[in-house]
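Asks: Position chain B against the provided structure of chain A, taking the given hints into account.
First to last, the protein sequences are chains A and B.
Residue numbering for the first sequence follows the numbering used here, beginning at 1 and increasing consecutively.
Residue numbering for the second sequence follows the numbering used here, beginning at 1 and increasing consecutively.
These aren't lab readings, by the way, just hints derived from the structure by calculation.
Yeah, the Cβ is synthetic: ideal placement off N, Cα and C, and Gly gets one too.
Be aware that a few hints might be false.
To be verified - Anything over 10 Å on all C-beta distances counts as not near chain B; from chain A, calculated:
1. Gln2
2. Gln7
3. Asp12
4. Glu47
5. Gln120
6. Arg127
7. Glu146
8. Phe147
9. Trp203
10. Lys218
11. Arg273
To be verified - Here are some, though not all, of the chain B residues that point toward chain A, as calculated from beta-carbon distances under 10 Å:
12. Leu4
13. Val5
14. Asp14
15. Gly46
16. Lys47
17. Ile51
18. Lys53
19. Ile61
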Amino acid sequence: MQSIDQQARTVDEAVRIALSRLGRNYEDVDIEVLNPGSPGVLGVGAEDALIRVTVRIPGMRPRPPMPPQPQPYYGMARPLPGSYNQVPLPPQPMLGMGYNPPPPPPPQPIAPRVGGYDVQELANIGRDVILNLLRRMRIQARLQLEFHPPVEDPGSEEESQSPLVTINLIGNDLAALIGRRGEALTDLQYIFNLIMNKKTRTWGKVLIDVEGYRARRKANLVNLARRMADQVLTTRQPITLEPMPAYERRLVHLALLDHPYIRTESFGDGEERKVTIFPK
Amino acid sequence: MKDLVLYMAQSLVDDPNAVQVRQIEGTHSVIIKLAVAPDDMGKVIGKQGKIAKAMRTLLTIAAAREGKRATLEIQS
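Here chain A stands alone, though its shape is the one from the complex (with noise of 0.2 Å):
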């Protein structure tokens, strides 16, 4: 796998540069970003961006057409052209002609495509929008993907829906994007999927999380449910869970979905909606 590291002033130039060095397009690559850079305080503290960028399929590519498939429905998954305008690039010479390509990488199984765009596209998007965020909040974090297997939704619930990938953003001192019961982090979430929505029709695929904090919180909330639900079954009475944002209005559902003598419901409006546990 062929991979360059690039600094630069910004993230953008760097993703340019290293282009160029590869002589490749912006979607053959997977573009890590170390360290986003900061403009400093007239120019004081600024600090250059720093990224790795690694050849995906070399010689593969570019997007083949999509043919109209019977696609998995992911919620809003609506075929949309290209909205998203891609880094603009002067045409590249091939360079590196004489590089030998890696052995194919192993077969995976289909990537789901989400209103026309498959995961890798949504994370790259993601990270941009959520780059763009941060760089004028003056704040560096350090980028961290994950990505998840696709699963089943809840059927008739709203809530909101199943992530593809997570962007776990890793920093000093960034408490203050998770604020209080992940507030902010909610806020920030909620703005990301609002540009991502605008950019590619799809909601609430690519999910941000800060110093892991929502996969704490997702352990607790998994215990929790159960706990509540053994308690339910020992009473008979429903219980319902103080108010939560959908995101995890959504894991309680999830996590006693199965479960045969319980089911879930929310009530209420806003700021206010809360999952009640009731007996079968």
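Replies: Frame of chain A; chain B shown alone:
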């Protein structure tokens, strides 16, 4: 801070060219005034002000990093 609001607003509206952001700086506070095309007001305010609230949260975090309190005013 101005650039954060500008980026968010321009990413959300249908008419990014009509987005205007002014920043009024005090010693401990900063006021950001946002104006968008009339048809785009809903895109920056949202149902029950949900979008405006989320933008304010991010703005508050950005301002706190410079030791300031920020106010976002959306002008019609």
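Asks: Which numbered hints are broken by the structure, listed smallest first?
Replies: none
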